[in-house]
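*Asks:* These are the residues of each chain, in order.
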Amino acid sequence: MQNYEILDNAFWEDGVDDRSVLKCIRMYNQPDGKRRKEVLQFSKLLPDRSLCPGYKEVVAKLGNEKIDQNTKERRERKQQEANQGRIKKEQAQKTQQLEKLFHMKLQALEIPEIANSEDKKLRTKLRRSQNEVEMNAYAALIIGRELGIFSNE
Amino acid sequence: MSEPTKGFVIVASTKKFFYLSAINLIESIKDYYPEAKCCLVTEEHFLDDRGRRVADDILFCDNHTRAKLWGMARSPYDLTFYIDADTECEHEDIATIFDKFDGHDVMFTGLVDKARHYCYAEVFFDGARKPDGTPGGFELCGGVCLYDMRNPLVQEFMHDWYDLTVEQYARRWWPTKEDGTEDLENYPASFKRWDQFSLWWLTNREPKYKDLKVGILDDDARWNYYSKYKDHLKHNREPVVIRHFSSAGAKKETYR
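Chains as they are written, first to last, in the working numbering: chain C, 261 to 413; chain F, 326 to 581.
Source of the hints: derived by calculation from the structure; they are not laboratory data.
Mixed in with the good hints there might be a few duds.
Quick list of simulated restraints, FRET-style, between CB atoms [what the hints assert, rightly or not]:
#  : chain 1 : residue 1 : chain 2 : residue 2 : range
1  : C       : K338      : F       : R378      : 43 to 49 Å
2  : C       : S411      : F       : P359      : 22 to 28 Å
3  : C       : A397      : F       : V437      : 38 to 44 Å
4  : C       : M287      : F       : P564      : 50 to 56 Å
5  : F       : P477      : C       : S411      : 54 to 60 Å
6  : F       : Y443      : C       : K338      : 38 to 44 Å
7  : F       : E510      : C       : V276      : 55 to 61 Å
8  : C       : R405      : F       : E360      : 25 to 31 Å
9  : C       : A397      : F       : K455      : 52 to 58 Å
10 : F       : P532      : C       : Q351      : 53 to 59 Å
11 : C       : Y288      : F       : P564      : 53 to 59 Å
12 : C       : S303      : F       : R518      : 57 to 63 Å
13 : F       : R378      : C       : S411      : 51 to 57 Å
14 : C       : G275      : F       : C444      : 51 to 57 Å
None of these values were measured; they are calculated from a predicted model.
Idealized CB from N, CA, C, for every residue including glycine.
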């Protein structure tokens, strides 16, 4: 007697659009009352070119249309998850960069030539820097001005 | 009647990080609002020429972790906008902040938007549950605060907030049950570390302040935009005015 259940979320394998490979989950009822999950992949044809019984069973139970629908929904969900993951990663990087830049500005404020500089214009430029390169450039300019390396003209 | 004085209060205590941040913040405010008056509240040993150069008023505080509340209560300005030191101003609308009272005595940014809760450590507790059974908790964030010191009730409120928080942090005050023991079921011990709790208590349980008009700034996220906010969730409608680096690792750094 069949002691498993085929879940109705089977889908066609990614990258194969001819319904020739499907993936499904079988849940087995075990003697101890627990359930065991088995993820299976079936190709339509076996090496001897005969129809795979596992494939045939799943298609017979769910039908091509249901598997098509599952595939569409799954691919959309995966795409959405990938987009969210990308946004999350980009945001984390941006946050980290902003916080690092903030820390660097405070460090710059500790450099005596910058701390004592009264060049408001350059100090403002330094504070509004959008990245480390820009900030370093303005820090160097301020220090250069304070040390008399650069003139005001 | 003379025009009310207007100004910003920034408190830098306990760590050099906050002092440097405060200088940076004051300069950034004046970048966008050159006429702004800024009061720097700091520990005397931190103060140097940089602080004297940028601040219009200076007050010395002690090293209590909530010296910010002490400083807020002693603002020299009628209309005051308190801003946490670990922030930066990045928009000219900072000059409009004193027009944002909207009929209130005290204005904060909010913690009510559930879409932002990923950014906060703790919000809900049973003692704040609403009469209809829905969860309740902190609704006000103390990162920035706009208040009118001309109102004696506001002055008293600010002093009480500091006094109650000192008691709370020193473990000398916490809501009690009828038997006199601490009510930790409704007010969990983990909330003892938040000055938002003393703020919540005063604004929700203290009869003296039932007539105090407390509100949340319109488009509040832009006035206290946490660096951890996820931009794509669009918490703010208009550009960010104050960016808050409250979780920055820089706090742990050692400065000269």
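*Asks:* Return the numbers of the hints above that this structure violates; sort them in rising order.
*Replies:* When the structure is compared with the hints, numbers 1, 6, 10, 13, 14 turn out to be violated.
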